[in-house]
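*Asks:* Turn these sequences into a full structure, and let the hints steer you where they fit.
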Amino acid sequence: MALFGHALLLLVLGLLVYAAVAGSYAALRGRRRLLSSAVNAFVSAFAVTALAAGTLVLAFVRNDFSLSYVADHSSRQLPLGYTLAALWSGQEGSLLLWLLVLTGVGAAALLLNRRLVTDVLPWTAPILAGIGAYFAFIPNAVASPFATQTAPPNGLGMNASLQNPYMMIHPPLLYLGYVGLTVPFAFAMAALASRRVDERWVVASRRWMLFSWTFLGVAILLGAKWAYESIGWGGYYAWDPVENAALMPWLAATAFLHSVMVQEKKNMLRVWNVVLIALTFSLTLFGTFLTRSGVINSIHSFSQSSIGGWFLAFIAVVATGSTALILTRLPILRTSVKLESLASREAAFLYNNLLLVAFALTMLWGVAFPLLSQIVRGVPISIGPPYYNFFLRVFGLPLLLLMGIGPLLAWRRASLRSFARAVAWPLLFALFAGASLLRAGAGSSLSGLVAYTFSAFVLAAVLLEFARGTRARKELGESTWACAFTSLVSRNRRRYGGYVSHAAVVLLAIGIVGSSIYGSSGTAHLQPGQAMSVGGYSATYLGTRLTHSPSHDALRGQFALSYRGKSLGIVAAGKNHYKVEQFFANAVGIHTDWLRAEDVMLIGDQFDKDGSVFLKIAVNPLVDLIWIAGVIFLLGSVVAMWPDAREKRQLARRALEIDGRPVVA
Amino acid sequence: MVIPIILTAAVALATLLYVARPFFGESELPTAARADGPSTGRLELVEERDRALVALKELEFDHRTGKVSEADYRELIGPLRRRAVETLRALDLVEPSLRAAARRREGRSRARVRS
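In order, the protein sequence lines correspond to chains A and B.
Okay, so the first sequence: first residue is 1 according to our numbering, each after it adds one.
Okay, so the second sequence: first residue is 1001 according to our numbering, each after it adds one.
Keep in mind that the hints were calculated from the coordinates and are not lab data.
Ideal placement from N, C-alpha and C gives every residue a C-beta, glycine not left out.
Heads up, a few of these hints could be off.
Each computed BS3-like pair below joins lysine-lysine, with the alpha-carbon atoms no more than 27 Å apart [stated by the list, open to error]: (1) A:Lys225 with A:Lys579; (2) B:Lys1057 with A:Lys225; (3) B:Lys1057 with A:Lys648; (4) A:Lys474 with A:Lys648; (5) A:Lys648 with A:Lys265; (6) A:Lys609 with A:Lys579; (7) B:Lys1057 with A:Lys338; (8) A:Lys265 with B:Lys1057; (9) A:Lys338 with A:Lys265; (10) A:Lys265 with A:Lys474.
Not the full set, but computed from the structure, chain A residues with beta-carbon under 8 Å of chain B [unchecked claim]: (11) Leu3; (12) Ser36; (13) Ser37; (14) Asn40; (15) Val48; (16) Asn267; (17) Ala410; (18) Arg412; (19) Ala414; (20) Arg468; (21) Gly477; (22) Glu478; (23) Arg654; (24) Glu657; (25) Ile658.
*Replies:* Here it is, written out as structure tokens:
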């Protein structure tokens, strides 16, 4: 099995090197058959990588501990679900998953877009293959998942924090998002290399960016939910460098998804957009370096390894190469189109871009500064949540406001009178909401009150946009209001899908503010029969219960929970002891009130032999809006991603006009 | 030991055949047009025309939804219409020279395929 795995990985590397070299030659010399062969090599690389990953999964299922990776990350007691997910539980296997996703999305991009980006494809294939060859080189030469050893009787088991259902879904989705960002980068660089900077590569890049951005966003939220439910500290995002590493490219991708609209509508920001794509991709590589080099201590990071140097070298190559390519292509990227007014939709997009990128770069500084300090001064400096929370307020609040103002502004320019009329209703609603909240006692936090007022403004603006648009469609002859609404959304899925995503971000903001600013918590040492109260909730400790399973023992404290005297039932909270791993992990108890979107979280910090428990209770108001926001975000993204027949027709017509050949968009 | 070797050889052979397939049949991928080829200028004009038409539609819709006042609408619609008309005229002008260029391009690409 190990020999087969090694051989497959070597074959993948060979195929990708061939695709990169032959593809580059084909692109330079215009050799069609050679290009087809390079594309086929890339597609084959995906198939062979899938075979290699399947081989490793089979080794896990068969408990083949002669493979070091299998022995280090699983055991005979590990449940099957986690055994399958063990593929990505360590450095070597997750790099294999990375390669699998990269070759998978790359092959899909090459095959699905071969007619749309005909002129750009010759360079897309070798660029994707070049990046793939690097990621195939690592498991071949630096961190092989097929390294062997004398098989021990049992494996070391899986890290207990990873033994959670979210482990099975969070990493693959994260990789789809993270690695998927390679595709827009490849299209952009290929467009520059081939000097074909028309709109087709933009359409292809935008689609793949939207795809990756959606998966990355959902994965970040799933990761937050995982942390919230399993780690047992009462929060969901800790500004951990590795968490930030996923958020930074997501912010840069968000900026691109807005600014690309300006390029498509007004032929502006062409240089800025390729810079954003290159920045997004470089940030994913930097994030990968952080996770895998062992330079930072994080719950997410893999063990110390020699992989960091390879990643730094690759980041340097990508950053230098893309910068050089952008600089040499500046003459064909620049346009003479200028911003007509500072009060217009495109100007709002520009402000939003500046804020998003500034926030991403501020986070990058926060992540990089401790590393630089360690290297230059030899003094480790930690940059914690206060730094990030400060900049979240500085950049986040204006961004929130812009989400409401932007859609209300017209393209090109808006006069003061038109603007005042457009924002009047949302503004009145926001002021009313702000005043009501102030009266209800939300003024204890100024930033919280401002965030809620801005959120009300955005929600009103989004609803107003739907209402005005539907009315306009009805006036244009749609028979019913439902038809008018459907026609409105289907005619501009990106815009209205985007508005749904805006609504999701508002819910997210309300949830974050509510849970982080207006939450309450308390700790007490309880004997059976004693109770503690926090935020109107009361938990009475009834005693403990111990259960056993092959992989772990579960100790659960039983707590009778009530809210203002009304019984809410029994909530169990305690600890799991993982037998093979010899590790204790928290198992928090959560009661959710969906009507108020509020959680009360019980954390059994310490169980003593005399039967007493140190119990922590955290009341997180509105926290469930964060998870609801995730569902709405996904819905908005699906609406925006849904294939647009009008765009397809337009591209097909354009291709017929130019080349006399149809295009499959 | 033998089975992995046979399996590896089978996979390698299958991928080799797939990678070599384009050399033995018709390629599905068209060659790229030259970046400075005649279609580039026309493509820019076609894209400009489409942008102008979309901008007109957007303005119309923004006017209907109340984002653009009557006065602003009247002020903006004229330049947009002129832009669309100018682009259409420019497209008409490049048409004849492009037809000749397209014929030359087609001839070159046929010669390349034959070689």
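*Asks:* Compare the distance between the alpha carbons of Lys338 (chain A) and Lys265 (chain A) with 27 Å, and conclude whether the hinted pair is satisfied.
*Replies:* holds (13 Å)
*Asks:* Hey, Lys1057 (chain B) versus Lys225 (chain A), does the alpha-carbon distance stay inside 27 Å?
*Replies:* With a Cα-Cα distance of about 43 Å, the restraint between Lys1057 (chain B) and Lys225 (chain A) is violated, given a limit of 27 Å.
*Asks:* Given Ser37 (chain A) as an interface hint, is its Cβ closer than 8 Å to any Cβ of chain B?
*Replies:* Hint holds; Ser37 (chain A) Cβ to chain B Cβ min 5 Å, cut 8 Å.
*Asks:* Can you confirm whether the C-alpha distance between Lys648 (chain A) and Lys265 (chain A) stays at or below 27 Å?
*Replies:* holds (16 Å)
*Asks:* Is the interface hint for Ala414 (chain A) satisfied, with its Cβ closer than 8 Å to some Cβ of chain B?
*Replies:* holds (7 Å)
*Asks:* Checking hints one by one. Is Glu478 (chain A) an interface residue toward chain B, by the C-beta closer than 8 Å rule?
*Replies:* Given a least distance of 13 Å, the restraint on Glu478 (chain A) is violated.
*Asks:* For the pair supplied as a hint, Lys1057 (chain B) and Lys648 (chain A), is the alpha-carbon distance within the 27 Å limit?
*Replies:* With a Cα-Cα distance of about 18 Å, the restraint between Lys1057 (chain B) and Lys648 (chain A) holds, given a limit of 27 Å.
*Asks:* Does the closest beta carbon of chain B sit nearer than 8 Å to the beta carbon of Ile658 (chain A)?
*Replies:* Holds - the Cβ of Ile658 (chain A) comes within 8 Å of chain B, reaching about 5 Å at its closest.
*Asks:* Interface hint check: Arg654 (chain A), Cβ to nearest Cβ on chain B, cutoff 8 Å. Holds or violated?
*Replies:* holds (5 Å)
*Asks:* Can the restraint linking Lys265 (chain A) and Lys1057 (chain B) be considered satisfied, given a maximum Cα separation of 27 Å?
*Replies:* Measuring from Cα to Cα gives roughly 11 Å; hence the hint holds.
*Asks:* Once the shortest beta carbon distance from Val48 (chain A) to chain B is found, is it less than 8 Å?
*Replies:* holds (6 Å)
*Asks:* Checking one constraint from the list: CA of Lys225 (chain A) to CA of Lys579 (chain A), max 27 Å. Satisfied?
*Replies:* holds (25 Å)
Of the numbered hints listed earlier, those contradicted by the structure are 2, 21, 22.
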